[in-house]
Amino acid sequence: MNSPEVPSAHGASGTASWPGHRRGHRARWPEWLAEKAIFAVSLSTLGLLLLILVFTAREMIPLLLGRTNSALIQEVIPAADLDRVPRETLRRHLGMGRAEFESMDRATLEAILKTREEALEEVPPSFRTDPDARVNTVSWRHLFLPHAWTGHDRPAYVWQPVGTIHKYNLVPLFVGSLKVTLVGLLMAVPLSLGAALFVSQLAPPWLREWIKPAIELLAGIPSVVLGVIALLVLAEALRRWLGYASPLNALVAGIALGWTAVPLIFSVAEDAFTAVPRSYSQAALALGASRWQAAWQIVLPAALPGVLAAVVLGFGRCMGETMVVLMVSGNASQLSWSLLDSTRSITATIAAEMAEAVSGGPHYQVLFLLGTLLFAVTFVTNLAGDWIIQRLKSRLGGTP
Amino acid sequence: MAPAIETRDLTLHYGKIRALDAVTLEIPERRVTAFIGPSGCGKSTLLRCFNRMNDLIDGVRVSGSCRVSGEDILGSGLDVIALRKRVGMVFQKSNPFPRSIHGNIAYALGLHGIRERAAVDGAVERSLRSAALWDEVKDRLHESAMRLSGGQQQRLCIARAIAIQPRILLMDEPASALDPVATARIEELILELRREYTLVIVTHNMQQATRISDFTAFFYLGKLIEHGPSARVFTCPDRKETEDYVTGRFG
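The listed protein sequences correspond, in order, to chains A and B. Those letters in the first sequence? Residues 1 to 400, per the working numbering, in order. Those letters in the second sequence? Residues 1 to 251, per the working numbering, in order.
Worth flagging that the hints you see were computed from the coordinates, not collected in a lab. You can trust all of the hints, since none of them are fake.
List time: in silico BS3-like cross-link candidates among lysine-lysine, alpha-carbon distance up to 27 angstroms:
1. B:K223 with B:K93
2. B:K138 with B:K85
3. B:K16 with B:K223
4. A:K393 with B:K138
5. A:K393 with B:K93
6. B:K138 with B:K93
Here chain B is said to cover these stretches of chain A; the calculated rule only asks that three of the stretch's residues, wherever they fall, bring their Cβ under 8 angstroms from a Cβ of chain B:
7. 281–288
8. 292–300
All C-beta atoms, glycine included, are put in the ideal place defined by N, C-alpha and C.
Construct the entire structure; sequences and hints are all you get.
As structure tokens, this is what we get:
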């Protein structure tokens, strides 16, 4: 950026000498600087977002390109054959990039091949005949489709990154996240929209002064604290009441998740309701509507775009919330649509397993893939939400 | 003929501020009565007493009496919704709902139990015709009301108010936000409506008051200063304040 010159007091038009001259408007240089600084800061947010995406996506590139192979028993090229095999075949076999491959000398390549041979010899004898041992568990097919593993009598979705053969099916985790999020939203949306409508339209002012800060204060409670309450009180109370087997399950996690989303949905929706011109409800009241009818039939539909924005934000919050789900969902990665089964979400999986995954290994890459997919889901939801909001707005506002 | 609205010593406080001071007034049926006076003189407040819209403001206290068609409307036992069905209101700024033109009027009808399709459609047409809007919108009844021009929106609000067949129509500066052409149309409309409805209009526009009103009430600092046939109030008022105001010496 070139340093701005201080314009002369008589700075004639046409001789604009610094970037502050624009469209016949001459900014003073501190104002110009402040404006640019604010712009840079807002741009940096965008940059940060992009960096996060690049960072997460980078780690899973080998997975994406199909270079990672997690099979226990892999075909090996014996070290003795090093000179007989075409170099291109060798490079593909080792899963290396061209530049990386060129930088290796012969001794290193031989050592790598030897290590592979040794690893093959260390495979426990019981797995030598197991077909599972030859499966690349991180191929797309095994990440998303069911597979009849040894011991299962029919194809199943299994996430089991422990033991000798790691199974990485992502479907149970997605189902788990969606299940918990759905319960959370079912719990939080009616509650917070109701509260928001009440606070903005029906409550007397003194009551509003109390309720609004109280609900917004809830946002300040760390989710780990909510998790503890859910763990110690809610889980047991619900188990006694409904009499199911596992005290930690999707229902409990969803309800606890709802608590964390309420303040966000509430405050966005409350703003939306309050932004509806008072003249609308005045008109309804003057026509003989009750206050409740005015709020429900006039203010709510008029605030629909804002309400939808609140719900979309709440969805993102629920999908992304980690601590509560980690604490009270039970963390069993089984594929089930039942709310009373123990369940495991994407975020909880990343949080729990990232530390134990070998850096750069298949497990590590799959966790980053999960993160990227989570990012994509939230992004697409926001985008779709935004599109619907724009359409609603133009329908309400009458601009075609 | 019994007055449509009758107040006796009506006094209203907003907290500690006295907005209306012992107003005693009779508003005749099927006539246009204009309320004039400088800003803050209480004319809008009085208007909002007639359909109890002041209830929505905190800290309002009212004393004295106010009768609409002979019925006391200040009692706590009053059915406010029934009152507002009889006493319609049009606001300064047009405020159609963000719905279709048809939907705006249908909503008002629905509030009073008229939901049957044929009845609703008939009432929509009738009220739009009464509001002199039918010919302009009959081909786009299901388009958003927000796409209408300001003057059309205001006429839609009038149509919406008269759709539920009130006896009395209160108008709070109904044309002050409109251009001269739209204002002229609203004034024509008021003269039409006068045959069927009792109209009470708050206005800042002296010429408008002389053009459209049969009676004029002049308010100053919460007090009713003078009330009488418009011709007399504007040409030879009894009180010095009225004369000063209508001749533009203050206000």
